[in-house]
Amino acid sequence: MTEPVLSIKNLKIALPEGADRDFAVNDISYDLYAGEILCIVGESGSGKSMSANATMGLLPDLVRPVGGEIIFEDTDLLKLSEAQMMDLRGKKIAMIFQEPMSALNPLMRVEDQIAEVFEAHGLLAPKERATRAIELLTEVGIPDPEKAARAYPFQLSGGQRQRVMIAMALALEPRMLIADEPTTALDVTTQAQILELIRNLQEKHGMAVMFITHDFGVVAEIADRVAVMQYGKIVEAGTADAVLDNPQHEYTQKLIAAIPKLAAEASEETAGKTPILEVEGLNKTYVTGGGLLFSKPRIVHAVNDVNLTLSEGETLGIVGESGSGKSSVGRCLVRLMQPDSGTVKLAGHDMAQLSGEALREARKSIQMIFQDPYASLNPRSKVGRIIAEGPMAHGVSKQEAYARAVKLLELVDLDALAIDRYPHEFSGGQRQRIGIARALALEPRVIIADEAVSALDVSIQAQVLDLLAELKERLNLALIFITHDLRVAAQICDRIAVMQKGRVVELGPAHAIFNNPQSDYTRTLIEAIPGREKELAAAG
Amino acid sequence: MMADFWKRFARNRGAVIGLAILAVVILVALLAPLLFPQSPWRMVQRPFLPPFSMDQYPLGTDALGRDVISGLAYGAQVSLLVGLVSTVAALLIGIPIGALAGYFGGWVDDALMRFTEFFQTVPSFALAIVLVAIFQPSIESIIAAIAIVSWPPVARLVRGEVLSLRSREYVEAAILSGQSNLTIILRQVLPNTISPIIVLASLMVATAILLESSLSFLGLGDPNLMSWGYMIGAARTVIRQAWWLSFFPGVAILLTVLALNLIGEGLNDALNPRLARRGK
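The listed protein sequences correspond, in order, to chains A and B. Each residue of the first sequence is one higher than the last, beginning at 6 in the working numbering. Each residue of the second sequence is one higher than the last, beginning at 2 in the working numbering.
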């Protein structure tokens, strides 16, 4: 075999004192060859981005490499000076990041940002830079590249911004591209396009690509070889097929088993059950701008004539990409947002019309679980207080509320001692359990889970989903599960509503949606799920 | 938590020095009646006694033969008292206004912020002079005047913090769980604004001390209390013959205000660790 482009040998990177472990990466070695895509997979905190950052010389201040070497073109990158690294960055090794909005300068036109790459390395005359920028934008498949070149980042969509980042990375035809979670912030259909683009460009230019991700679906789509990381060590490495189809290490097996399967089972008929929540003709529009005489107000129909019913004990999924209005629906249901028109009948009462004390009472039976396990718990309240606050606000005595909080903590598999601790002492998954306990504290009949597992690692995600399913059974809850992730929806939902641009484009039993989608949009969504083809091939 | 806080605070060496200076000032203020049992207004020696010429009066005497060092000690009492009390009063006005404006938004916000701007557009020192002149100079009127001119920044700060906090998911969860607006403001929102408020307050104490000194310098101080500003004001006509009369009170003001600013910066580092400057 040929020489590797990049060869990492026994790399050790130390974390500052007081971190949860001594080494961010501990004695890892791998090679990256030209013309291949190596995926580095791991959960958050596994150290998967660290070796890439060390390669680029982008480690945080207090984190430093203490052993091993990173060989690129016969030189050890760890020994290079900052000036030498600057010359190398962009020219020989390029990098793209997770969040294209924050990686681009918001006040600079796209063509200037691309030209800056040439300028930094003193290449090409200014005019040539501009033409080359357009060529690059054409190559990454941006529609109307001339116009895009004159645009500012905020005028482009997320996918287009990521394409601009890729164009910048490709500008100097590097030998190696590092992609750190480049599609995590993107919608599933855009993600599929960007993955295809990276694959095509890599083949065309014969680059070596180091692709860092947490998502095994993405790995299945794009990887030639895979390295799985846990606690700063590589626990398993090999070709994509070998690792995905026949994982050897226990941790890899666990991770792959935790991925929700795409196949939805046919669930029992819910038509006969009593509906607990009926939503009719729900509308919500946002109007922005239009303050002055000449500017036209921008009207966004976030929720457009939505009709839903939810039966007792049922799980209804609301699925859609960002901007589809799925979260707005959830917020209108609990009246965190005031709908423009429509009725929300919850056990006979119209939630949309209530106010004051009546609304407070009605909200007891409809509670919410939030997305961000870090932002959804007050950092200055103890866990017991967080859970007991709701019942206390409704007149339950302090003692009884705390006693109930202990029971709820046990119900969500947390230690009862947790009530005297602050949220920051818990991990993301544990915090989400606290959030669930809080939602249950008022003994609601309907729970709305807004992207409740999206911020969690896949193995934690599986545990929380299991917990939700179990609680739903035990307490006879009805659940509205809002998510962008079709795999998660397939696993937990009885029925699914697919939303696009504020409208429900398809509504039906989960297995029907997955096996026989009726609308074009649903079909596109399902086809875009990463790793789907592989799973289909394996299934049959 | 507390140990962490100290570690981060102590990492800023300036802050520790500031704390040491402030501790000395506080100690002097507390011990003034013991160290100098006589009234600072009493004539004890010949006028214009230069400093370091008599052991009993190390910093000399003023135009009326009053002991300068005793005046400094009693002045520390006035400065600290005015600084602390007026800051607390300003917080008591500013925090509720900012919290209500930020939490309720809409017309409540508009009304309260226009009211705040009304105070902001008037130059604060001029307003303070007018207020003290109207209500007669006394320690109470000085404290009230300083509080009235210094609450608007508090209100604006709290409003901004509350605006960003009120859309947090834990606040929404509190709304859903049926808590009243008052409970939500007091329990969910305000405790999370405390760090920037503490930092601002430490700087406001410094500003208040300066304001009080300026008022006293202009002769608008409490006529019964010896203060640093009064000492400088009384000495300004003889600054060429008796430099020490304005120099020592000036140094006292400088050190105290500097100490409070250093502490403020240290608190900022300790309470907002993510904003702390890197590379130390």
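Keep in mind that the hints were calculated from the coordinates and are not lab data. Being a predicted model, the structure only gives us computed values, none of them experimental. Cβ atoms here follow ideal geometry from the backbone N, Cα and C, with glycine treated the same way. A few of these clues could be false.
As the list claims (entries may be wrong) - The following residues of chain A were derived to be distant from chain B, with all beta-carbon distances above 12 Å:
#	residue
1	Pro70
2	Arg137
3	Tyr157
4	Tyr236
5	Asp246
6	Val339
7	Leu364
8	Ala474
9	Glu475
10	Phe519
As the list claims (entries may be wrong) - To spell it out: a stretch of chain B is covered by chain A in this simulated footprint if at least three of its residues, at any positions, have a beta carbon under 8 Å from a beta carbon of chain A; those stretches are:
#	region
11	163–171
12	179–188
Tested hints:
| no. | hint | result |
| --- | --- | --- |
| 1 | Pro70 | holds (18 Å) |
| 2 | Arg137 | holds (36 Å) |
| 3 | Tyr157 | holds (25 Å) |
| 4 | Tyr236 | holds (25 Å) |
| 5 | Asp246 | holds (41 Å) |
| 6 | Val339 | violated (6 Å) |
| 7 | Leu364 | violated (9 Å) |
| 8 | Ala474 | holds (22 Å) |
| 9 | Glu475 | holds (22 Å) |
| 10 | Phe519 | holds (30 Å) |
| 11 | 163–171 | holds (count 3) |
| 12 | 179–188 | holds (count 5) |
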